[in-house]
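*Asks:* Keeping the supplied structure of chain A fixed, place chain B upon it in accordance with the hints.
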Amino acid sequence: MNNEPFHLELACLTESGRVRARNEDTTAVDSDYGIAVVADGMGGHRSGEVASQMAVDFSLKRLRSKIIRLRDGILNQTPIQFANQIVGETNQKIHLAASQQTGCGGMGTTLALAIFHGQKVALAHVGDSRIYRLRAGKLQLLTRDDSLLCDQVEHGLIAAEDAADSHNRNMVTQALGIQASVTVHLQEEDLLVGDVYLLCTDGLSDLVEESDLELIVDALKTNLPMAASHLVQLANDNGGYDNITVALARICEPVVEPEPIVEPQGWLARLLAWLSPKSAEK
Amino acid sequence: MAKLILSLNGNVINQFFIDKASVTIGRDLGNEIVIDDPLLSRQHARIVCIEKDHIVEDLQSSNGTRLNGSPLKRQILQHSDVIELGSHHLRYMSSRVAADIELERTMIIKGLSHMAAEIAAEGAAPATTPVTSVPVARATKTNLPEGSVKVLAGSGRHAEGETIHLDRVVATFGTPGEQLIVIARRPQGYVLSHVEGAYPTRINGQNIGSAPHLLRDGELIESAALRLEFRLAPFQKNAQDSTDLSHKTH
Numbered sequence: 000m001n002n003e004p005f006h007l008e009l010a011c012l013t014e015s016g017r018v019r020a021r022n023e024d025t026t027a028v029d030s031d032y033g034i035a036v037v038a039d040g041m042g043g044h045r046s047g048e049v050a051s052q053m054a055v056d057f058s059l060k061r062l063r064s065k066i067i068r069l070r071d072g073i074l075n076q077t078p079i080q081f082a083n084q085i086v087g088e089t090n091q092k093i094h095l096a097a098s099q100q101t102g103c104g105g106m107g108t109t110l111a112l113a114i115f116h117g118q119k120v121a122l123a124h125v126g127d128s129r130i131y132r133l134r135a136g137k138l139q140l141l142t143r144d145d146s147l148l149c150d151q152v153e154h155g156l157i158a159a160e161d162a163a164d165s166h167n168r169n170m171v172t173q174a175l176g177i178q179a180s181v182t183v184h185l186q187e188e189d190l191l192v193g194d195v196y197l198l199c200t201d202g203l204s205d206l207v208e209e210s211d212l213e214l215i216v217d218a219l220k221t222n223l224p225m226a227a228s229h230l231v232q233l234a235n236d237n238g239g240y241d242n243i244t245v246a247l248a249r250i251c252e253p254v255v256e257p258e259p260i261v262e263p264q265g266w267l268a269r270l271l272a273w274l275s276p277k278s279a280e281k
Numbered sequence: 000m001a002k003l004i005l006s007l008n009g010n011v012i013n014q015f016f017i018d019k020a021s022v023t024i025g026r027d028l029g030n031e032i033v034i035d036d037p038l039l040s041r042q043h044a045r046i047v048c049i050e051k052d053h054i055v056e057d058l059q060s061s062n063g064t065r066l067n068g069s070p071l072k073r074q075i076l077q078h079s080d081v082i083e084l085g086s087h088h089l090r091y092m093s094s095r096v097a098a099d100i101e102l103e104r105t106m107i108i109k110g111l112s113h114m115a116a117e118i119a120a121e122g123a124a125p126a127t128t129p130v131t132s133v134p135v136a137r138a139t140k141t142n143l144p145e146g147s148v149k150v151l152a153g154s155g156r157h158a159e160g161e162t163i164h165l166d167r168v169v170a171t172f173g174t175p176g177e178q179l180i181v182i183a184r185r186p187q188g189y190v191l192s193h194v195e196g197a198y199p200t201r202i203n204g205q206n207i208g209s210a211p212h213l214l215r216d217g218e219l220i221e222s223a224a225l226r227l228e229f230r231l232a233p234f235q236k237n238a239q240d241s242t243d244l245s246h247k248t249h
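Protein chains in written order, with numbering that gives the first Met the number 0: chain A, 0 to 281; chain B, 0 to 249.
No lab work stands behind these hints, which were simulated from the structure alone.
One or more of the hints may lead you astray.
What the hints assert, rightly or not - As a list, the in silico EDC-like pairs of lysine to aspartate or glutamate whose alpha-carbon atoms are at most 16 angstroms apart:
(1) B:K72 with A:E160
(2) A:K137 with A:E14
(3) B:K72 with A:D161
(4) B:K149 with B:E218
(5) A:K137 with A:E88
Said to hold, decoys possible - Chain B residues, not near chain A, derived (Cβ > 12 angstroms throughout):
(6) G9
(7) I49
(8) L143
What the hints assert, rightly or not - Chain B regions said to be covered by chain A (calculated; three or more residues, Cβ under 8 angstroms):
(9) 73-84
(10) 161-173
We treat Cβ as the ideally placed atom computed from N, Cα and C, and that holds for glycine.
Isolated chain A, as found in the complex:
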């Protein structure tokens, strides 16, 4: 069924951390369709959970139907185009629910999404959930946070190395569900065998140094569930102030179906096979 040029390994994990009673993050991976997603919900009562769950469920459902048609060659959209469309629709759906459902007013969620297709990956994000890539042992941040802290640094108001002293740590400038429309950050990257993509919420990226993220993903990339549990564990060991969520995707060589071993038929073929130098080595 999966005739992609690469084989994809996926894993995801979410935990509430050591301080918060509830987990408002949601994550999912789908290896049949090549999708990884994380979402960090916010809002009163239990609406943060509602928003992040809606974002993941709705976008996954819509993406799958697009990808089926893409694979059947009957879709005139690229993954990056339908990712943009679907994240926009997801925003509207949450925005509508926030205005209609009791206790859901003002709810919102971040979203970071990766769609692996053919030789490329389409990345989309809103808010301060991040996407990193490990390539040749080096971890690189591919996304720019929609956060006040990021704005402050980019406007030269504070130095990047002083950002850890800021009180504006948990302020996002955009999220799904807050307004009727949203600006989705989109990009496309070429895939290489050995690449590992890391999607995470700020519960991980706020508490674990990039050098440690890099070390853990690189050292444990051959066992992604174990890499995910070691990442979450380190965020907990460093305080676990927030919900912690991680999704990992590793690009592997395509799985080659072993050629069926066909015994030569007939006495002449068997004799020739027996005489050939290859079988003599046996």
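*Replies:* Here is chain B on its own, set in the frame of chain A:
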């Protein structure tokens, strides 16, 4: 609400609430905070308010500004910081402490682009390339253990007899994709796990299976042909206690 307490030679002479987006400080009467001190420039320094942050910057004053004794260019103010201008001191008092981060929840606010012109700091060089990586919050200080392994036999990457100090958050041994173990450095100690491979990971001859194992000093780790001896150094706290004791014997 944050405020500034003005003092001269340790005597409090005034206090000011920071209730505007920008508060300038100087000798000139047009400033929000006027300090009559010949060592101050007309416009000496200012404080810019961005949501929960108050950022203090020196306005290229002749005699400079110091923050807690160090020359200041631009800095996020923290509760009880002292801004030194000429002979005067301004102490910053805020109910907000950076350590509150664990109690605060994510909020949505407007980005800075709409107000960039008003708050753009003088001489502030906006980052030319977008800064995407913002450092992590200050992690809680944890007392991590100190340990090492000695290679007794068989591992491609490490020579036999070599001692490897376990000073990173994880260390793996073996061959990725074939046979691999990991030792994680955690506050409670070093934790061994079997990552992959057909050969079981053993401690003193016992298969640990897929469960993590908290390593004890002197334990023998085996994974296929690899043999490691684990050594746990005594906690630094104990080491400090012993030096204290040695002082007392004098």
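*Asks:* All hints, please: hold or fail.
*Replies:* Here is what the structure says about each hint:
{"no.": "1", "hint": "B:K72 with A:E160", "result": "holds, 14 angstroms"}
{"no.": "2", "hint": "A:K137 with A:E14", "result": "violated, 26 angstroms"}
{"no.": "3", "hint": "B:K72 with A:D161", "result": "holds, 12 angstroms"}
{"no.": "4", "hint": "B:K149 with B:E218", "result": "holds, 11 angstroms"}
{"no.": "5", "hint": "A:K137 with A:E88", "result": "violated, 35 angstroms"}
{"no.": "6", "hint": "G9", "result": "holds, 27 angstroms"}
{"no.": "7", "hint": "I49", "result": "violated, 6 angstroms"}
{"no.": "8", "hint": "L143", "result": "violated, 9 angstroms"}
{"no.": "9", "hint": "73-84", "result": "holds (count 4)"}
{"no.": "10", "hint": "161-173", "result": "holds (count 5)"}
Going down the numbered hints, you'll see the structure goes against 2, 5, 7, 8, while the others check out.
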